[in-house]
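Protein chains: 2
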Amino acid sequence: MIADKKINKLKEIVGGDAVSTAVEDRIAYSYDSTRLEYLPDIIVKAKNAEQISNLFKFANENNIPITPRGSATGLSGGCLAVNGGILLVMVEMNKIFDINTVDLLVDAEAGVITEEIDKKARKFNLFYPPDPGSIKSSTIGGNIAENAGGLRGLKYGVTKDYVNSLEVVLPTGEIAQFGAKTVKGVTGYNLKDLMVGSEGTLGVITRATLNLLPLPQKRASLLALFDKLTDAAQTVVDIVSEGVITSTLEIIDNVTINAIEDYLDLGIDRNVGAMLLIEVDGQEGAVDIEAEIIKKVCNKNNTTSCKLAKSESERDSLWSARRAALSALARVKPSTILEDATIPRSKTVQLIKAINRIAEKYDIRIGTFGHAGDGNLHPTILTDLRIKEEAEKVEKVIEEIFKETVKLGGTLSGEHGIGISKAKYLQMEISPETFGIMKRVKKAFDPNNILNPGKMSFD
Amino acid sequence: MIADKKINKLKEIVGGDAVSTAVEDRIAYSYDSTRLEYLPDIIVKAKNAEQISNLFKFANENNIPITPRGSATGLSGGCLAVNGGILLVMVEMNKIFDINTVDLLVDAEAGVITEEIDKKARKFNLFYPPDPGSIKSSTIGGNIAENAGGLRGLKYGVTKDYVNSLEVVLPTGEIAQFGAKTVKGVTGYNLKDLMVGSEGTLGVITRATLNLLPLPQKRASLLALFDKLTDAAQTVVDIVSEGVITSTLEIIDNVTINAIEDYLDLGIDRNVGAMLLIEVDGQEGAVDIEAEIIKKVCNKNNTTSCKLAKSESERDSLWSARRAALSALARVKPSTILEDATIPRSKTVQLIKAINRIAEKYDIRIGTFGHAGDGNLHPTILTDLRIKEEAEKVEKVIEEIFKETVKLGGTLSGEHGIGISKAKYLQMEISPETFGIMKRVKKAFDPNNILNPGKMSFD
Chain A
448 MIADKKINKL KEIVGGDAVS TAVEDRIAYS YDSTRLEYLP DIIVKAKNAE QISNLFKFAN
508 ENNIPITPRG SATGLSGGCL AVNGGILLVM VEMNKIFDIN TVDLLVDAEA GVITEEIDKK
568 ARKFNLFYPP DPGSIKSSTI GGNIAENAGG LRGLKYGVTK DYVNSLEVVL PTGEIAQFGA
628 KTVKGVTGYN LKDLMVGSEG TLGVITRATL NLLPLPQKRA SLLALFDKLT DAAQTVVDIV
688 SEGVITSTLE IIDNVTINAI EDYLDLGIDR NVGAMLLIEV DGQEGAVDIE AEIIKKVCNK
748 NNTTSCKLAK SESERDSLWS ARRAALSALA RVKPSTILED ATIPRSKTVQ LIKAINRIAE
808 KYDIRIGTFG HAGDGNLHPT ILTDLRIKEE AEKVEKVIEE IFKETVKLGG TLSGEHGIGI
868 SKAKYLQMEI SPETFGIMKR VKKAFDPNNI LNPGKMSFD
Chain D
448 MIADKKINKL KEIVGGDAVS TAVEDRIAYS YDSTRLEYLP DIIVKAKNAE QISNLFKFAN
508 ENNIPITPRG SATGLSGGCL AVNGGILLVM VEMNKIFDIN TVDLLVDAEA GVITEEIDKK
568 ARKFNLFYPP DPGSIKSSTI GGNIAENAGG LRGLKYGVTK DYVNSLEVVL PTGEIAQFGA
628 KTVKGVTGYN LKDLMVGSEG TLGVITRATL NLLPLPQKRA SLLALFDKLT DAAQTVVDIV
688 SEGVITSTLE IIDNVTINAI EDYLDLGIDR NVGAMLLIEV DGQEGAVDIE AEIIKKVCNK
748 NNTTSCKLAK SESERDSLWS ARRAALSALA RVKPSTILED ATIPRSKTVQ LIKAINRIAE
808 KYDIRIGTFG HAGDGNLHPT ILTDLRIKEE AEKVEKVIEE IFKETVKLGG TLSGEHGIGI
868 SKAKYLQMEI SPETFGIMKR VKKAFDPNNI LNPGKMSFD
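Sequences listed follow chains A and D, in order.
So the numbering used here is basically just the index in the first sequence, starting at one, shifted up by 447.
So the numbering used here is basically just the index in the second sequence, starting at one, shifted up by 447.
Some clues are possibly wrong.
One copy or two, either will do: identical chains are not told apart, so a pair holds if it fits within one copy or between any two.
To be verified - Distance condition first, Cα-Cα at most 20 Å in a straight line; then the derived SDA-like pairs of lysine to any residue:
1) 850 <-> 624
2) 850 <-> 480
3) 886 <-> 624
4) 890 <-> 759
5) 780 <-> 839
6) 542 <-> 766
7) 602 <-> 734
8) 492 <-> 713
9) 850 <-> 462
10) 602 <-> 549
11) 871 <-> 778
12) 743 <-> 664
13) 780 <-> 465
14) 871 <-> 746
15) 854 <-> 614
16) 742 <-> 708
17) 890 <-> 880
18) 800 <-> 841
19) 570 <-> 510
20) 602 <-> 777
21) 567 <-> 547
22) 800 <-> 549
23) 854 <-> 554
24) 808 <-> 509
Everything labelled a hint here was simulated from the structure, so no lab data went into it.
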């Protein structure tokens with residue numbers, strides 16, 4: 448515990464109303480969207496960069512850890528105060544300053560809910576492309592810290608591709624600016640892209656300028672069914688080879704389809720090997736041309752049904768299966784563990800087959816769905832973690848999935864991060880040499896290991 | 448000078464045939480595409496990463512600087528051995544290992560000429576999008592080190608957007624891997640993007656996996672003339688607002704048009720305020736639709752002539768002015784200084800007008816052309832640096848252009864880098880806090896300042 452004297456000093460620095468040590472507050476900020484919990488000692492509600500800068504000076508002097516937190520929708524434990532100390536709540540820094548409709552930029556504080564940015568942009572016929580599943584509740588600062596992805600990744604990229612410049616409070620207290628408000632820029636080291644995805648371990652993001660895009664005039668949505676998983680996967684590869692860059696290219700496997708049918712009774716054939724949900728967007732006529740190409744590719748690969756939505760309500764109905772995927776899987780068993788193994792696109796079939804083999808070996812149910820265009824899959828393990836044997840089995844299952852992923856040239860995480868959840872697997876993928884320089888970079892930013900300690904297997 | 452004993456030791460480590468101290472070799476490697484020259488002490492021709500790793504161990508022990516060099520087409524002095532020492536020639540590491548036509552990846556050594564990668568990709572109906580002006584002679588390693596841009600930046604991005612993973616020899620001798628061979632990946636720190644554009648100061652890039660794209664089916668090229676520069680600039684903004692992402696959107700100002708006319712006599716009206724060269728590419732029908740939109744936007748903004756190329760030979764003819772721009776300017780005076788000031792797209796007119804004001808003030812000729820879609824302009828100063836007064840004037844002119852650029856929210860360099868040329872201006876843009884953490888990052892990678900010292904105003 449931290450002495451009262453220090454807490455009083457802290458209140459002097461950041462203002463008494465910003466600080467709480469009440470146990471109910473501490474508990475409220477002890478969890479995120481993983482199944483992990485760590486109790487912080489002090490809650491501080493951030494108001495501005497200067498306050499955070501002062502906080503870091505105090506924390507360095509007194510050796511107290513600081514862990515920043517947005518909306519806690521993270522899936523790897525990035526915002527959990529593993530070593531206690533100060534939990535820095537960012538959600539009150541939630542101003543959207545400015546939308547620049549000529550340079551297509553928006554300037555916002557880190558605590559803004561990501562969807563608010565997109566909503567505001569749409570008033571100007573613009574949009575913010577990254578669309579993580581948590582978009583309605585996650586903060587843009589959290590999205591940047593984790594380099595959040597989403598369904599539109601293949602065409603539109605991920606959060607990193609939309610961060611133009613950042614204001615960051617360094618763990619040593621300086622307020623730094625990274626990036627430039629230009630489309631191109633090579634002045635100095637690219638610390639902006641280093642900061643994106645650093646999981647709140649290199650600095651606290653306080654403000655960001657983000658790129659927006661003009662809203663596409665039109666979109667077309669298709670749902671295609673395949674008896675064989677391999678045909679669905681080949682369709683993904685062929686669509687990309689045709690030069691059609693889809694905005695969405697989602698795959699749903701047989702296990703997940705059956706869970707969805709149990710849940711919603713949509714009338715999908717339970718023997719379907721895999722389902723693809725495909726969207727293209729862009730200029731009016733161009734979209735129609737691309738939809739035709741996609742249909743041809745699906746037919747060539749033995750689709751048993753390929754539906755093109757004729758209206759927005761038909762689109763909604765095509766999307767219902769994909770939207771329900773996680774909820775449908777979640778109701779099968781008390782615990783749902785959503786992973787995000789990511790492989791080169793060509794290895795999709797091999798990974799799904801390996802996952803099915805692992806599921807059979809351990810007699811556990813795993814539904815797989817995800818962003819097939821990116822090779823970013825979400826194998827979802829259905830279990831009951833209250834049963835000790837099940838929990839132990841799950842650990843083995845996860846480890847085997849990751850081993851298979853890395854063997855296929857893949858990566859542990861496509862979009863959820865390492866944090867605590869995957870820390871012990873990190874060196875399965877990262878060599879000692881690469882890990883060594885990561886540690887030196889962490890030390891350069893945070894010599895006293897004040898910021899978000901205990902993550903990424905650093906200590 | 449370095450003692451013979453040390454040179455003999457060096458020959459033992461990397462092989463005698465890899466080492467030269469002959470003055471003619473040293474002179475041959477003393478320059479790049481700036482007007483600067485620095486004589487290295489020893490030339491070492493790199494053969495593989497292990498050899499470079501051993502070289503770094505030797506260099507750290509003996510405090511000898513190492514400066515890596517590709518084809519020396521750089522425009523900021525990045526490959527010049529400012530403090531002497533070892534000049535590490537990378538061009539013999541020039542193997543292209545593999546083109547993966549499913550995942551759209553190519554794996555190549557750092558010394559491969561960039562155009563060779565593109566040529567090889569085209570055999571598989573793929574292409575490598577970044578197209579720096581130096582593509583026929585620059586190496587991919589050099590392109591990555593400088594984050595080279597080019598004409599296709601607005602639609603296709605820059606080198607950074609195509610680097611999938613890197614093999615890097617760190618200045619402390621470790622061989623590290625950065626990035627993953629997947630479309631998405633957030634495992635560990637994003638050291639790959641930090642390495643891109645670090646100008647050979649954080650590590651020696653030895654091998655890279657790069658993203659390729661399917662060749663677009665069709666392209667359309669348009670050349671539009673405007674009496675007023677402001678109308679041309681508004682056209683650029685309006686095209687982007689319409690959601691048309693052009694593959695090329697180049698602007699050429701009146702000074703440059705006149706130089707081109709002097710040179711080639713193409714019959715362009717010498718009173719034209721500015722010229723835009725615009726290309727779109729993609730699916731067959733989609734390209735026609737986009738070309739129509741562009742024509743409408745040009746007409747709305749008072750174009751005096753808007754030609755659409757009807758054939759590849761007509762396209763070549765539309766391109767002739769843009770292709771000749773730099774050569775045409777270069778023949779006006781003995782010295783040509785090509786800058787790459789970059790501003791937010793909305794500030795294009797303000798920057799060109801400011802450049803013209805500065806030209807008038809100092810009675811010097813400056814032609815401006817460049818990538819208007821990105822706001823990446825190339826003001827080109829025409830002078831005679833052999834005359835002392837002219838050289839001094841140029842210094843002042845450059846400083847004023849940069850001041851204006853930064854004032855407009857721009858950046859010192861869109862694609863050429865800081866190196867030596869812009870080192871003294873760096874802190875005009877970068878705050879002491881940001882520069883401080885850059886220095887700490889450099890130190891984390893290179894504690895003894897062995898790799899490429901004397902750049903980016905670090906020492």
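Verification of the hints:
| no. | hint | verdict |
| --- | --- | --- |
| 1 | 850 <-> 624 | between (39 Å within a copy, 18 Å between copies) |
| 2 | 850 <-> 480 | neither (24 Å within a copy, 47 Å between copies) |
| 3 | 886 <-> 624 | between (22 Å within a copy, 14 Å between copies) |
| 4 | 890 <-> 759 | neither (51 Å within a copy, 55 Å between copies) |
| 5 | 780 <-> 839 | within (16 Å within a copy, 76 Å between copies) |
| 6 | 542 <-> 766 | neither (33 Å within a copy, 46 Å between copies) |
| 7 | 602 <-> 734 | both (14 Å within a copy, 18 Å between copies) |
| 8 | 492 <-> 713 | neither (46 Å within a copy, 65 Å between copies) |
| 9 | 850 <-> 462 | neither (49 Å within a copy, 39 Å between copies) |
| 10 | 602 <-> 549 | between (22 Å within a copy, 17 Å between copies) |
| 11 | 871 <-> 778 | neither (29 Å within a copy, 62 Å between copies) |
| 12 | 743 <-> 664 | between (23 Å within a copy, 17 Å between copies) |
| 13 | 780 <-> 465 | neither (41 Å within a copy, 64 Å between copies) |
| 14 | 871 <-> 746 | neither (44 Å within a copy, 61 Å between copies) |
| 15 | 854 <-> 614 | between (38 Å within a copy, 18 Å between copies) |
| 16 | 742 <-> 708 | neither (25 Å within a copy, 51 Å between copies) |
| 17 | 890 <-> 880 | both (15 Å within a copy, 17 Å between copies) |
| 18 | 800 <-> 841 | within (18 Å within a copy, 65 Å between copies) |
| 19 | 570 <-> 510 | neither (46 Å within a copy, 59 Å between copies) |
| 20 | 602 <-> 777 | neither (29 Å within a copy, 40 Å between copies) |
| 21 | 567 <-> 547 | within (12 Å within a copy, 41 Å between copies) |
| 22 | 800 <-> 549 | between (48 Å within a copy, 19 Å between copies) |
| 23 | 854 <-> 554 | between (41 Å within a copy, 18 Å between copies) |
| 24 | 808 <-> 509 | neither (51 Å within a copy, 57 Å between copies) |
Checked against the numbered hints given earlier, the structure breaks hints 2, 4, 6, 8, 9, 11, 13, 14, 16, 19, 20 and 24 and satisfies all the rest.
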